[in-house]
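Hey, can you work out the whole structure from these sequences and the hints?
Listed here are the chains, written in short residue letters.
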Amino acid sequence: MFYRETGQFKTSYGADQQIFPIRQDRIAIGLLLVFAFFVVPAVATQYWFSAILIPFLIFSLAALGLNILTGYAGQLSLGSAAFMAVGAFGAYNFILRVPEIPAILAFLMGGVCAAGVGILFGLPSLRIKGFYLAVATLAAQFFVVWALTKFGWFSNYSSSGVISSQDFSVFGFAIDSPVRKYLLTLSIVAIMGLLAKNMARSNTGRSWMAVRDMDVAAEVIGIPLMKTKLLAFAVSSFYCGVAGALVAYCYLGTVEPDYFTLDLSFRILFMVIIGGVGTILGSFFGAAFIVLLPIFLNIVLHPLFAILGIEISSAVVSNMELMVFGGLIIFFLAVEPHGLARLWQIGKEKLRIWPFPH
Amino acid sequence: MAFFFEVLIGGLLSGVMYSLVALGFVLIYKASGVFNFAQGAMVYFAALTFAGIIDMGVPIPLAFLGAFVVMIALGVATERIVLRPLVNQPQITLFMATIGLTFFVEGLAQIAWGASTRRIDLGIQDEPIPWILDNMNMVVSSFDLTAAAIAGVLVAVLAAFFQYTKIGRALRAVADDHQAALSIGIPLQHIWGIIWSVAGFVALVAGMLWGARNGAQFALTFVALKALPVLILGGFTSVLGAIVGGLIIGSTEKLAEVFIGPMVGGGIENWFPYVLALFFLLVRPEGLFGEKHIDRV
Chain A
1 MFYRETGQFK
11 TSYGADQQIF
21 PIRQDRIAIG
31 LLLVFAFFVV
41 PAVATQYWFS
51 AILIPFLIFS
61 LAALGLNILT
71 GYAGQLSLGS
81 AAFMAVGAFG
91 AYNFILRVPE
101 IPAILAFLMG
111 GVCAAGVGIL
121 FGLPSLRIKG
131 FYLAVATLAA
141 QFFVVWALTK
151 FGWFSNYSSS
161 GVISSQDFSV
171 FGFAIDSPVR
181 KYLLTLSIVA
191 IMGLLAKNMA
201 RSNTGRSWMA
211 VRDMDVAAEV
221 IGIPLMKTKL
231 LAFAVSSFYC
241 GVAGALVAYC
251 YLGTVEPDYF
261 TLDLSFRILF
271 MVIIGGVGTI
281 LGSFFGAAFI
291 VLLPIFLNIV
301 LHPLFAILGI
311 EISSAVVSNM
321 ELMVFGGLII
331 FFLAVEPHGL
341 ARLWQIGKEK
351 LRIWPFPH
Chain B
1 MAFFFEVLIG
11 GLLSGVMYSL
21 VALGFVLIYK
31 ASGVFNFAQG
41 AMVYFAALTF
51 AGIIDMGVPI
61 PLAFLGAFVV
71 MIALGVATER
81 IVLRPLVNQP
91 QITLFMATIG
101 LTFFVEGLAQ
111 IAWGASTRRI
121 DLGIQDEPIP
131 WILDNMNMVV
141 SSFDLTAAAI
151 AGVLVAVLAA
161 FFQYTKIGRA
171 LRAVADDHQA
181 ALSIGIPLQH
191 IWGIIWSVAG
201 FVALVAGMLW
211 GARNGAQFAL
221 TFVALKALPV
231 LILGGFTSVL
241 GAIVGGLIIG
251 STEKLAEVFI
261 GPMVGGGIEN
271 WFPYVLALFF
281 LLVRPEGLFG
291 EKHIDRV
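These protein sequence lines are chains A and B, in that order. Here the first sequence stands for residues 1 to 358, numbered as in our numbering. Here the second sequence stands for residues 1 to 297, numbered as in our numbering.
No lab work stands behind these hints: they were computed from the structure. Quick reminder that beta carbons are idealized off the backbone N, C-alpha and C, glycines included. Hints should not be assumed to be uniformly reliable.
Footprint (simulated), chain B over chain A, 3 or more residues, beta carbon under 8 Å [what the hints assert, rightly or not]:
#1 125 to 132
#2 135 to 143
#3 196 to 203
Structure below.
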């Protein structure tokens with residue numbers, strides 16, 4: 001009734017190809033952004049910002065990066081945490097060593113460093129694919145974390161490679177409170193999210209999808225495989241790198257190479273799977289799910305066991321968390337292999353014909 | 001020179017352990033086309049279960065049997081709950097499901113048996129063999145040699161099982177072509193249950209030996225990850241490849257750690273196998289013994 005595109009005629013190519021072709025979508029996105037930029041800062045508490053909203057946004061960005069590589073270009077990667085680490089340490093070094101560098105530029109340069117490393121470790125994708133490639137990306141994961149720990153230069157010779165973010169400001173505003181960190185993160189994520197959405201429907205995105213669906217066929221119709229695959233690695237690592245820089249500067253403040261473990265890579269992969277492989281929106285759903293699940297389980301499990309009168313240690317809770325986590329992954333893959341984004345799409349289809357289903 | 005050979009032999013013997021884990025991957029991949037990421041978690045689970053049963057005061061052979069039964073149950077349950085609903089999904093989906101399974105099994109193992117390290121005492125001594133020490137001036141652990149012998153026997157038994165039993169023939173048929181096997185009346189789901197149990201058995205042997213060496217601890221799951229470069233080197237579908245790959249990875253990683261490591265600050269054991277496998281892939285993408293893959297449009 002409300003969600004119907006009838007009567008919205010496209011009279012120019014520009015109108016036909018816009019990012020959100022349906023008017024209701026444009027309104028919804030606009031409202032969402034207004035809500036996130038103006039209403040949320042006014043009502044959310046400190047805890048909400050630093051424990052839920054900021055990590056959610058940052059991991060959405062990382063998941064977006066992996067989704068570009070795995071979902072759009074079809075190259076499975078288990079090394080996203082390594083690229084985040086490169087971004088974090090890259091941004092740290094740019095701010096440390098280049099005087100007067102704007103923080104945003106440093107974040108982006110961190111992303112560029114990650115893109116460089118991504119291209120390097122993406123080179124094998126020209127020869128191998130599937131599981132072989134997944135294992136090859138593990139090389140990036142272990143090598144990067146080792147290098148960042150071993151070579152003191154990256155962390156300015158601090159003990160065990162820990163870096164602490166310097167104070168920084170953006171356009172004259174000192175980013176020192178959770179609200180400001182949230183707003184900065186939100187701006188970056190919103191812009192990069194729109195860019196990704198745009199990229200996905202452009203020439204680049206369509207070549208990625210062609211390579212994903214069948215690379216030999218894509219090559220036959222004239223898509224340069226090397227350029228396309230390496231570009232996917234570069235863009236994906238860039239997104240992960242910026243997310244890593246944000247982890248260091250807006251989320252944790254102090255971070256060590258060991259934060260970016262294989263486990264984190266898996267979590268990001270799960271965000272992509274649960275959210276929906278090959279959808280921009282899915283990255284956000286997936287990140288929300290994975291960030292909220294442990295908090296939710298913590299809130300639910302403790303009272304549940306208290307009611308049952310069983311004493312449980314926090315170790316058991318974290319193990320149950322693992323089990324629920326693993327179980328949910330399997331459940332999702334079995335029930336809805338296309339993820340939460342698919343459920344959202346089904347809901348939209350329903351809404352379109354509501355209240356007259358025929 | 002004696003030192004070089006000592007490192008080499010030590011590496012080869014630890015490579016045998018990697019081979020054992022890799023063997024579990026290969027078995028499942030051959031039979032069902034599933035890249036079972038949970039093999040490492042299964043090794044951990046098996047080691048903890050075995051150690052846990054021994055701690056209850058059960059003698060070793062019985063404990064082994066008990067742990068085997070548990071692993072069979074886990075294998076059959078995996079087939080029922082994870083694989084059956086995912087039939088006909090792309091391989092990548094199945095792979096991700098096994099990552100989920102990894103988390104589940106790791107959590108389960110720690111809830112059931114606790115997260116602390118458990119010692120496993122098999123009654124094999126971890127001492128240098130005097131004869132070799134005297135005559136060749138090299139330290140070769142008797143435990144490592146025993147482990148290698150056990151691994152050799154295991155491979156021989158598996159080979160015989162695949163070659164000469166009815167179930168083995170069915171397994172090979174399924175590995176060759178699912179649909180053809182199904183059409184001549186081989187019950188696919190039974191076969192998958194069996195193959196997961198066999199993989200569980202291999203995981204149990206690997207977990208037992210690793211556990212006796214380093215204690216049954218969470219770090220086992222990371223060690224099991226080392227089986228992945230082994231697979232790349234040897235090829236995903238070859239039992240022989242798993243063995244040879246394991247030996248190559250084990251020896252080169254130890255040699256690199258001892259001879260190259262000091263130049264860059266040590267600790268390169270962690271990533272060296274992966275980088276080695278990476279360069280290897282650039283030359284021979286299908287692995288040493290893997291099947292050559294031909295793309296058709």
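Tested hints:
For the stretch 125 to 132 of chain A, the stated coverage by chain B holds: 5 residues have a C-beta nearer than 8 Å to a C-beta of that chain, and at least 3 were required. Residues of the stretch 135 to 143 of chain A lying with their CB closer than 8 Å to a CB of chain B number 6, which satisfies the three-residue condition for coverage. With a cut-off of 8 Å between beta carbons, the stretch 196 to 203 of chain A has 0 residues touching chain B; three or more are needed, and the interface restraint is violated.
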